[in-house]
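> Full structure from sequences and hints, please.
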Amino acid sequence: MAAQTRKAAIVGGNRIPFARSNSAYARASNQDMLTATLDGLVARFGLQGQRVGEVVAGAVLKHSRDFNLTRESVLGSRLSAATPAYDVQQACGTGLEAAILVANKIALGQIESGIAGGVDTTSDAPLAVNEDLRRVLISLNNATTLQQRLKALSGIRPNQLAPEIPRNAEPRTGLAMGDHAAITAKEWEIGREEQDELTVRSHRNLAAAYDRGFFDDLVTPFLGLSRDQNLRPDSTVEKLATLKPVFGKGEGATMTAANSTPLTDGASTVLLGSDEWAAEHGLPVLAHLVDAQTAAVDYVHGGEGLLMAPAYAMPVMLARNGLSLQDFDFYEVHEAFASTVLSTLKAWEDPAFCKERLGLDAALGSIDRAKLNVNGSSLAAGHPFAATGGRIVASLAKMLHEAGPGKRGLISICAAGGQGVVAVLES
Amino acid sequence: MSDWYRDFANSGVGTTITKQLGLPRPAVLRRYEPGQPLLPGPAVIGSAGKGRLRDELTALLRGAGVTVQSPVTADGATDGEKPAAVLLDATGLTSPADLASAHDFLAPAVKRLRPSGRVLVLADPPGEATSPAQAAARQALDGLVRSIAKELRGGSTANLVHVPAGAEGSLASPVRFFLSGRSAYVDGQVVGVSAADLPAGEDVEAPLAGKVAVVTGAARGIGAAIARVLARDGAHVVAVDIPASGQALAEVANDIGGTALQLDITATDAPARLIEHLRERHGGVDVVVHNAGITRDKLLVNMDAARWNSVMAVNLQAQLDLTQALLDAEGVLEPNARVVCVSSQSGIAGNRGQTNYAASKAGVIGMVRAWAPAFAERRATINAVAPGFIVTEMTAKMPLGTREVGSRINSLQQGGLPVDVAETIAWLAQPGSGGVNGQVVRVCGQSMLGA
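Each protein sequence line maps, in turn, to chains A and B.
Residue numbering for the first sequence follows our numbering, beginning at 1 and increasing consecutively.
Residue numbering for the second sequence follows our numbering, beginning at 1001 and increasing consecutively.
Think of the hints as simulated: they come from the structure by calculation, not from any bench.
Each residue gets a CB set at the ideal place from its N, CA and C atoms; glycine is no exception.
Treat the hints loosely; a few may be bogus.
[Said to hold, decoys possible] Output of the computed footprint for chain B on chain A, the stretches with three or more beta carbons under 8 Å from beta carbons of chain B:
| # | segment |
| --- | --- |
| 1 | 44 to 53 |
| 2 | 210 to 222 |
| 3 | 279 to 287 |
Structural data, given as structure tokens:
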């Protein structure tokens, strides 16, 4: 093992435009999308036939046949077939976690280069057979005599024809993620207008970024789509104010289809390497992955919000690196819901929360909102669960590179199961 | 996109029918493939007057593995195998009277020429003649060669190369091109060479090995063919196209081991971004092919400003801006750089409904000619290639009648392929083509339009 660790370089990225569920990518599988995204990355960086150290990616909604999704995608791509790969899954944290895993192996000198990625489709979602029917079919498969087979078949009932459909709900609470977010929004008294304002800013920032060519070397079109399908450049607070809430109940409900991310299909990849590897291949170093931290909260019995874990991960990482929350040039806080971003920021500003929940002496404080999600985020781009981390890492690395050396960026991503992943990048 | 009529005319029953009805009989052209010999048979070299190139041509051909025969006599006596190429050294012309010897040599030799044969005449440029009589004789070759090109059948071509005194060292690359299958659809053309410092010992199979080439509009059609041929010849290709064409662009780049660069070349920061990319990723660029082009057809009286402006921006202004920026950027354009600009037959002949397109493509020719001296000073070259009727996805959408007429009104009686344009560009991009500068080479099968 290497005597010293080194910081992994982010060389660049590629993603396909994100599509609204059951739309442009309705017939594309996770493997189709991940393969196409890898091929776009290969074309951008001239990696045809090359073996990179490892490809790490995953999907949240996954067919059982896709047990080796990433490796199968690599085999279908233009990378060398001798490129190892493995799957990871940490809900919406998957993409960022994959980048951390690749970066850590590079830091340890175990690999010189690697690709992190993620993909998700809510259109080509896996349907499973009814749980009762599944048991019957397993018994039938295990039966050896005619008598046993007939007995197994006698267990079949018409109501077993209804399939198991994956739901965007927490298994332990039965609540949709949006309903959880609505509880948190209420606790933190997040208003409708500020959520809509954040949403409009996300759309405008993303549209402006496309218009100035920011995504020219980050996105490769796929199946006729060259921009994120959810993007509404002409979105206004007035228009959003007319929408009815979809999460939360009664008078105080503030969360609409616009200030919550829609179901989306898409994939993203990030190319990482050691500085030496990048130099040898004539490739740029946009930024380095400095550090990362995960956290989890007890949202079932512990009284904490489902999506509040990044608030807990942040101070741990900041302390380890001797940084304050204000020491950053860009903040990328994943917009699962506008209210999630606002609740998290408010929690960091709240002395009581920071003291009681995070165990800090003082509040982490507020951030300069002008540095937040400056090229748009998930509310505008959409959020194919596992693909969001790769989108953010590649975009932030490019922003830092454009801003010049020594600039710092912060990533915060909340995930199902009460988890959160945060990371620091530096140019 | 197969040429059904050509295939029919070359089938058993098709041959009989087309012969009896006197219909055009387009040939299957000899096209270049790696490893192919320069010529499929021997060459015969003759002179008109006391020329200065014959020994050099003989050595050049022998060096390329070609058997060189002595001239066929006027009485039709044979000299072994039928020739695959007939070369005439006409650098000795002093007056029109000398042209008789050109006729004496060419007539029996051309009669015996194989299918997909080559007639190549080398002469001094008329502009440098010492007397009106000499200028007349040299200019006469123009009419002679163009007429031979029209008389030849079976996929054979005739071309003329102007070699001024002192430029003999630049001859090898054009001679190899015009004899080889690379020039399959280049017919009835006049190309001038000039003296140039050329690198020694070029790899004929991979003339672009180690070179970095930029091709704009590379996602499909002619641009994709250019990228493929440059890569086949050894170049690392930076394939450029608009972001919306990114998926096809990535496929092209991945097929040829190149890289994809999504860039709108009309954006104000496009030159800066291209230069930064070339500097950062490749340290510089050797070959630039300005291929990206669009059409927005309308009759002049119906054409709005948007149609006019967008065509001018992509087809002409972007070529000017990118080239100027590359010239200005310190250390990006390599000293022996090759810039090739795609013009069009429309820019030479004009075309109904294409005032904007034809103007832009004619503008490209003006640009190339004006820049040539400055490029020569840096030992670089800039040339234009003007495709004629090239069979692409775009022509496949034309009505059958228009398409058939369009593709047949040339001496080879067929449309060209994107690879024919690409081969010509790849030839101009070769290090050995340093003596070809400021030229406009038509890839049109000697089209009747604008001839």
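> Any of the earlier hints contradicted here, and which numbers?
No numbers; nothing is violated.
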